[in-house]
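Novice: What follows is the residue order along each chain.
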Amino acid sequence: MLSTSPAFKENARKAINDAGLQKALARTKPQFHGKRAKAVAGLPEFERLRDIGRDIKNHTLAHLDFYLETWAANVERAGGQVHWCASADDARAAVLGICERVGARTVTKGKSMISEELGINEHLEQHGITPVETDLGEYILQLRHEPPSHIIGPAFHLNREDWEESFRRAHTDLPADRVFHERRDILTEARAKLRARFLAADVGITGANFLIAETGSSVIVTNEGNGDLTQTLPRVHIVLASLEKMVPTLEDATNMLRLLARSATGQDFSVYTTFSTGVRREGDLDGPEEYHVVLLDNGRSAMLGTEFQDMLRCIRCAACMNHCPVYNVVGGHAYGSVYPGPMGAVLTPTLIGVDQAGNLPNASTFCGRCESVCPVKIPLPKMMRHWREREFERHLTPATVRTNLALWGFVARRPGLYRLVTRIGAGALGWLGRRRGRLSRLPFAGGWTAGRDLPAPEGDTFFARYAREQRGKGGRA
Amino acid sequence: MSAETDAGRATILGAIRRHLHRGPLPEDQAAMLRARLAAHPRHLIPARSRLPRAGQVALFIANVEKEFGSVARLPDASAVPAAIADYLAQQNLPSEFVVAPHPELQAIPWAERPLLKLRTGRAEASDLVSLQQGFAAIAETGTLMLPSAPERPTTVNLLADTALVLLRASRIVGAYEEAWDLLRAERIDAMTGGFMPRNVMLVTGPSRSADIEQTLELGAHGPRRLHILLLDDDEEARAAPDAAAPGISAP
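Taken in sequence, the protein lines are chains F and D.
Numbering that gives the first Met the number 0 puts the first residue of the first sequence at 0, with every later residue one more than the last.
Numbering that gives the first Met the number 0 puts the first residue of the second sequence at 0, with every later residue one more than the last.
Keep in mind that the hints were calculated from the coordinates and are not lab data.
Hints are not guaranteed to be accurate.
[To be verified] Derived DSS-like pairs: lysine-lysine, alpha-carbon spacing no greater than 25 Å straight-line:
hint, chain 1, residue 1, chain 2, residue 2
1, F, K472, F, K34
2, F, K34, F, K13
3, F, K8, F, K381
4, F, K376, F, K37
5, F, K37, D, K65
6, F, K472, F, K28
7, F, K22, F, K8
8, F, K34, D, K65
9, D, K116, F, K28
With the hints as extra help, turn the sequences into a complete structure.
Specialist: Structural data, given as structure tokens:
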């Protein structure tokens, strides 16, 4: 996918004025928040499971080489093959190589963000192989030539009329005047169309939510069952997995699974949680004859031992974006990257460079909700701050921002001056807003006051009030 | 293994070790990690499934129903043909179905219901109804554990519009970890020498999607209906009143 992250500000402006997107966001936001809250409230142990989840991932990352080697040996024991791919190019070549070797014409696909990261669909199409997305959301996006706008609800930004219009345009063999009475009719049509694709496919490609070292398994989590049909029916199954998906044992994976669905969709457990281990066994009546895992690094190993290592704990539940006030206003496409929202703001600069993605870690109010809902407690705001620091160090920050930061720094390093300036500022703003208690216009802050009022200070600075209260306390003590 | 893969492997492992500021793990540390894998310690198990047998069965049933599945409790295997015939009639479905080649399913006295038409084997896309054998089930979330085997094909879990599963109440456990223990204890995989079959599906309710306007619709690509035939072979659990699961509120 071509990144439009450098145009984030322009993208965001468009998104705010996109009536269809705003309708979708208004519909979705209460669901994003309410469902997780209800699921978490139903499990009193949830907070402790989060700590355990964080510790499992930290333990695994500290010994990642050991667990990868153990896992790979177990994959091979089960008749599978691991393709170690340091770069996106290596991974694309590995996938294409397998497809060409087996003479694949069509490939069905389960939902995979790694596939988006690699641009697998475009790559296969360029070589005459037809990829077919089978997750309902991904399917319509493929029909519309759009990237996903959310990592687990890729088409949440579409409204029912978009679905009907795309289906009429794509399924031209069906009567043009057919009526979609309910959403169910749209689903039924997709099911029938895709059933034929599942049966005809030569290769099935899925992602992986987890890799398990103990057993050499890959795990996928779906509600539709499309991932299972994708990996069961064709002769060849290819798993796309980045190396941080590793966990040591089934018990470790189980702890992560108790966190994943609750954080993602607010379900206690997804409908299908499936563990795949190698090829069809002797006597089995179904299942693939070849099992490949394309193991992708693509910059992740370089995050180890740095201030970004914690990001590798991410289990891609999307809770951070679901609860992000910025994402809830601009949606996913504005980020212009494969991974949107807070997790994307941290991960994207490592994938495409902070020079390209510098806007993303700046698109945050640092309210901290992302970290507060993260099932593995990734300090997302802290890491966005690290990216801002790197951006500043590399002189990528715009000149006006740098000048203002320098000015602020000059004042902030001089406590006497700082107090004087803030006292004058707070006094002046308090005087200006003395009647209404708020300010609707402010010089240099038109962008901020265009959408809301600034509450007027009450004429006093924090320092002054704090000093007064300390004196009061001292008197009593 | 190809030369490219060998090079890729060395590159990736080398990069990991370089960034972790160490070489390959010393033998004593590797031995500790191998011991952790061998012991596969359990973590915190939520208290909700720690119940007497009858409570676990009731919790399982309540969770299946919460997730839009249904359960029929039957005294023994001889009641299965009539229960299936009744269910299919009730749902207005044809009395034809594919049956997994599991001995437990083959032993059912099908002849008592000559109008039921059975085919034994894996499922095909044209099958409307399928019957699978449940290896175990997890009360914590109303989840079935269905490991693949010659007698338990994966397609039987997936392709039909209506999935029936025969489950013994004695195979309902509280937490996922207990189901893993059953798998570890009872299965040997001839290919790996381990216990994992090619595929283990944990199934919680019928297939669904909320991709269209975040509105839940059942029957996306997998079964639209999941109906569990629960054999009451557990003395202690039989005391369970039908829908009195503690700690579960109706959806």
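Novice: Would you mind marking each hint as holding or not holding in the structure?
Specialist: Going down the list of hints, with the structure as the test:
Restraint check for K472 of chain F and K34 of chain F: not satisfied, since their Cα atoms lie roughly 45 Å apart, outside the 25 Å limit. Simply put, K34 of chain F and K13 of chain F have alpha-carbon atoms about 29 Å apart, too far for the 25 Å limit, and the pair is violated. Restraint check: the Cα-Cα separation between K8 of chain F and K381 of chain F comes to about 22 Å, which is no more than 25 Å; the hinted pair holds. The suggested pairing of K376 of chain F with K37 of chain F holds, with an alpha-carbon distance near 19 Å, which does not exceed 25 Å.
About 14 Å separates the Cα atoms of K37 of chain F and K65 of chain D, which keeps this hinted pair within 25 Å; it holds. Restraint check for K472 of chain F and K28 of chain F: not satisfied, since their Cα atoms lie roughly 45 Å apart, outside the 25 Å limit. Proposed proximity of K22 of chain F and K8 of chain F is supported: the alpha carbons are some 21 Å apart, at most 25 Å. Between K34 of chain F and K65 of chain D, the direct Cα distance comes to roughly 15 Å. Compliance with the 25 Å bound is thereby established for this hinted pair.
Taken as a hint, the K116 of chain D and K28 of chain F pair is broken in the structure, with Cα atoms around 49 Å apart against an allowance of 25 Å.
Of the numbered hints stated above, those contradicted by the structure are hints 1, 2, 6 and 9, listed in ascending order.
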